[in-house]
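Chain A is already provided as a structure; the job is to place chain B on it using the hints.
Those protein sequences? They're chains A and B, same order as listed. The numbers in the first sequence follow my numbering, run straight up by one, and end at 131. The numbers in the second sequence follow my numbering, run straight up by one, and end at 212.
Don't read these hints as lab results, they were simulated from the structure. Take these hints with a grain of salt, some might be off.
[As the list claims (entries may be wrong)] Far from chain A by the CB rule (all over 10 Å, computed), these chain B residues:
no., residue
1, Q23
2, P27
3, D32
4, D66
5, V91
6, D94
7, R96
8, V118
9, R133
10, Q152
11, K183
12, L202
13, R204
14, Y211
15, W212
[Said to hold, decoys possible] No farther apart than 20 Å at their CA atoms in a straight line, the calculated lysine to aspartate or glutamate pairs in the DMTMM-like style are these:
no., chain 1, residue 1, chain 2, residue 2
16, A, K31, B, D137
17, B, K123, A, E30
18, A, K31, B, D89
19, A, K41, B, E122
20, A, K78, B, D89
21, A, K78, B, D175
22, B, K67, A, D39
23, A, K78, A, E88
24, A, K78, B, E92
25, B, K101, B, E21
26, B, K123, A, D39
27, A, K47, A, E88
28, A, K31, B, D95
29, B, K67, A, D80
30, B, K67, A, D81
31, B, K123, A, D102
32, A, K41, A, E69
33, B, K67, A, E83
34, A, K108, B, D187
35, A, K41, B, D137
36, A, K78, B, E174
37, A, K78, B, D66
38, A, K78, B, D137
39, B, K78, B, D187
40, B, K195, B, D95
Ideal placement from N, C-alpha and C gives every residue a C-beta, glycine not left out.
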Amino acid sequence: MVNEHYVQQSYLRLFAPPGEGVVSRYSLVEKHGGGDYYDAKERYSVKNAASTEGYADELLEGGVTSKAEKAMVNTFRKLDDNEILSREDIANISQFISFQRDRSPSAKVHHRMLEELFRAVGYDVEDYWDR
Amino acid sequence: MHQGGNERYTGFQHLGWKIVENQTQLPFFTSDVPVFIYQDEFPEDDENSEGFQFDGKQIFCPITPDKLLVLLDPATFKVEPQYPDTEIDTVEVDDRREVWKYNLVQGLSAFQEVFGPVGQGEKLQRMIELMSRHFSDEDYIRGNRWSTGRIQRAQRQGIWESHQRPRRDTIPEEDKRIITSYKKAGDARWLYTHKISLIDELRRDNPISDYW
Numbered sequence: 001m002v003n004e005h006y007v008q009q010s011y012l013r014l015f016a017p018p019g020e021g022v023v024s025r026y027s028l029v030e031k032h033g034g035g036d037y038y039d040a041k042e043r044y045s046v047k048n049a050a051s052t053e054g055y056a057d058e059l060l061e062g063g064v065t066s067k068a069e070k071a072m073v074n075t076f077r078k079l080d081d082n083e084i085l086s087r088e089d090i091a092n093i094s095q096f097i098s099f100q101r102d103r104s105p106s107a108k109v110h111h112r113m114l115e116e117l118f119r120a121v122g123y124d125v126e127d128y129w130d131r
Numbered sequence: 001m002h003q004g005g006n007e008r009y010t011g012f013q014h015l016g017w018k019i020v021e022n023q024t025q026l027p028f029f030t031s032d033v034p035v036f037i038y039q040d041e042f043p044e045d046d047e048n049s050e051g052f053q054f055d056g057k058q059i060f061c062p063i064t065p066d067k068l069l070v071l072l073d074p075a076t077f078k079v080e081p082q083y084p085d086t087e088i089d090t091v092e093v094d095d096r097r098e099v100w101k102y103n104l105v106q107g108l109s110a111f112q113e114v115f116g117p118v119g120q121g122e123k124l125q126r127m128i129e130l131m132s133r134h135f136s137d138e139d140y141i142r143g144n145r146w147s148t149g150r151i152q153r154a155q156r157q158g159i160w161e162s163h164q165r166p167r168r169d170t171i172p173e174e175d176k177r178i179i180t181s182y183k184k185a186g187d188a189r190w191l192y193t194h195k196i197s198l199i200d201e202l203r204r205d206n207p208i209s210d211y212w
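So that you can see chain A by itself, here it is in the shape it has in the complex (with noise of 0.2 Å):
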């Protein structure tokens, strides 16, 4: 199966130095075998950031998604670099917000019903208010 990224490689890559794909990276959720979890990783490639194999059905790693997220990325170039920039560009950004709304792991998972199930598991989601 495809190494998906839910979050675009070419968006990380606006946070590594020029010319190298690694940026800094801390799992939240990775724990070795003492049971500990694992210290953060200083340089860590963008390949292996954010993807996970079959995410959706190699989506995500097409030539038209591929090709708007350059759009999109360059535009935050621009940004970074105070470029005037046009309505495409703004259109662009826009892209980027609903693209990684629609595609992050929580929308994958959320759906209707949700409170109803979160009763059923004895998780009430006002339990917080009465603490």
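For chain B alone, kept in the frame of chain A given last:
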């Protein structure tokens, strides 16, 4: 249908946009969920609503270690809609404490990973460790320990069980743990007040009630 220019994705352009320019040595961080959507009150799960509800929304998106985009609801905050302008208002931040506040938002937003420029790993780790201690249970920050596929399976199974056998004890224990843990990780944002000065300064005393 193809639409050109900023006729595409106009929805978010009806919010007020601000670029926050980081003047400090502490970079903006990001995460595996870089677009963080927030509102002050716990959102109602309205079965009849369709599409994205803009009312009261605050959206944060780091662009680079030095720039971050904020989108705000003009009904709740003193901002002008971005559409149809192409110039984005810029505000500078020169206080590290404020930059930390924006970074903490990414800690809340993250599904499983946070990122920063090379050499910032120790700060990322310290941020998450501090946030985990802030809550009564670390699941509020570290609750997404399973893959999206496994979480979905647990949810589907739980919904099926709750319909077929509406008693709590029919849902497998591991599925219960997954469902509850995922829920806590999502709820953390509603238990947290970010106190970002820019947002507080722009908040209207009297929100416009019939704006949308």
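Hints, verified against the model:
With a closest Cβ-Cβ approach of about 14 Å to chain A, Q23 (chain B) is found to remain outside the 10 Å limit, as its non-interface label requires. Listed as a non-interface residue, P27 (chain B) fails to keep its Cβ farther than 10 Å from every Cβ of chain A; the least gap is roughly 8 Å. Distance to chain A contradicts D32 (chain B) as a non-interface residue, since its nearest Cβ pair spans about 4 Å, not more than 10 Å. Listed as outside the interface, D66 (chain B) is inconsistent with that label: its C-beta sits roughly 7 Å from the nearest C-beta of chain A, within the 10 Å cut-off.
At roughly 14 Å from the closest C-beta of chain A, the C-beta of V91 (chain B) stays outside 10 Å, upholding its exclusion from the interface. Residue-level check passed: D94 (chain B) sits 17 Å from the nearest beta carbon of chain A, beyond 10 Å. R96 (chain B), annotated as away from the interface, keeps every beta carbon of chain A farther than 10 Å; the closest lies near 18 Å. Under the 10 Å C-beta cut-off, the non-interface status given to V118 (chain B) relative to chain A is violated; the minimum distance is some 6 Å.
Chain A leaves R133 (chain B) outside its interface by the beta-carbon criterion, the shortest separation being 13 Å against a cut-off of 10 Å. Chain A draws Q152 (chain B) into its interface by the beta-carbon criterion, the shortest separation being 6 Å against a cut-off of 10 Å. With a minimum CB-CB distance of about 5 Å to chain A, K183 (chain B) fails to clear the 10 Å threshold, and the non-interface call is violated. Residue-level check passed: L202 (chain B) sits 19 Å from the nearest beta carbon of chain A, beyond 10 Å.
Distance check on R204 (chain B): its Cβ is at least 23 Å (rounded) from any Cβ of chain A, clearing the 10 Å threshold; non-interface status holds. At the 10 Å boundary, the C-beta of Y211 (chain B) stays outside the reach of chain A, the nearest C-beta of that chain being 19 Å off. The beta carbon of W212 (chain B) sits about 17 Å from the closest Cβ of chain A, which is more than 10 Å, so the claim that it is off the interface holds. Annotation: proposed proximity of K31 (chain A) to D137 (chain B) holds, straight-line Cα distance about 17 Å (limit 20 Å).
The suggested pairing of K123 (chain B) with E30 (chain A) holds, with an alpha-carbon distance near 17 Å, which does not exceed 20 Å. Straight-line distance between C-alpha atoms of K31 (chain A) and D89 (chain B) comes to about 42 Å, which puts the hinted pair past the 20 Å bound. Annotation: proposed proximity of K41 (chain A) to E122 (chain B) holds, straight-line Cα distance about 8 Å (limit 20 Å). Under the criterion of a C-alpha separation no larger than 20 Å, the hint pairing K78 (chain A) with D89 (chain B) is consistent with the structure, at around 15 Å.
Among the hinted pairs, K78 (chain A) with D175 (chain B) is inconsistent with the structure: their alpha-carbon atoms are about 46 Å apart, more than 20 Å. Using a Cα cut-off of 20 Å, the hinted pair K67 (chain B) and D39 (chain A) is violated, with the two alpha carbons roughly 27 Å apart. For the given pair, K78 (chain A) sits about 12 Å from E88 (chain A) by alpha-carbon distance, which is consistent with the 20 Å threshold. With a CA separation close to 18 Å, the supplied pair K78 (chain A) and E92 (chain B) stays within the 20 Å bound.
For the suggested pair K101 (chain B) and E21 (chain B), the alpha carbons sit about 14 Å apart, so the restraint of at most 20 Å is met. With a C-alpha separation of about 11 Å, the suggested pair K123 (chain B) and D39 (chain A) falls inside the 20 Å cut-off, and the hint holds. Distance check on the hinted pair: K47 (chain A) and E88 (chain A) sit about 28 Å apart at the alpha-carbon level, beyond 20 Å; violated. Between K31 (chain A) and D95 (chain B), the direct Cα distance comes to roughly 34 Å. Violation of the 20 Å bound is thereby established for this hinted pair.
Between K67 (chain B) and D80 (chain A) the alpha-carbon distance is near 7 Å, which keeps this suggested pair within the 20 Å criterion. Our distance criterion of 20 Å between C-alpha atoms is met by K67 (chain B) and D81 (chain A), whose separation comes to about 10 Å. Restraint check for K123 (chain B) and D102 (chain A): not satisfied, since their Cα atoms lie roughly 29 Å apart, outside the 20 Å limit. With a C-alpha separation of about 26 Å, the suggested pairing of K41 (chain A) with E69 (chain A) is violated against the 20 Å cut-off.
Our distance criterion of 20 Å between C-alpha atoms is met by K67 (chain B) and E83 (chain A), whose separation comes to about 13 Å. With a C-alpha separation of about 17 Å, the suggested pairing of K108 (chain A) with D187 (chain B) holds against the 20 Å cut-off. Between K41 (chain A) and D137 (chain B) the CA atoms are separated by roughly 25 Å; this puts the pair beyond 20 Å, and the hint is violated. The suggested pairing of K78 (chain A) with E174 (chain B) is violated, with an alpha-carbon distance near 47 Å, which exceeds 20 Å.
Between K78 (chain A) and D66 (chain B), the direct Cα distance comes to roughly 13 Å. Compliance with the 20 Å bound is thereby established for this hinted pair. Our distance criterion of 20 Å between C-alpha atoms is broken by K78 (chain A) and D137 (chain B), whose separation comes to about 42 Å. Distance check on the hinted pair: K78 (chain B) and D187 (chain B) sit about 27 Å apart at the alpha-carbon level, beyond 20 Å; violated. Among the hinted pairs, K195 (chain B) with D95 (chain B) is consistent with the structure: their alpha-carbon atoms are about 14 Å apart, no more than 20 Å.
In summary, the numbered hints that this structure violates are 2, 3, 4, 8, 10, 11, 18, 21, 22, 27, 28, 31, 32, 35, 36, 38 and 39.
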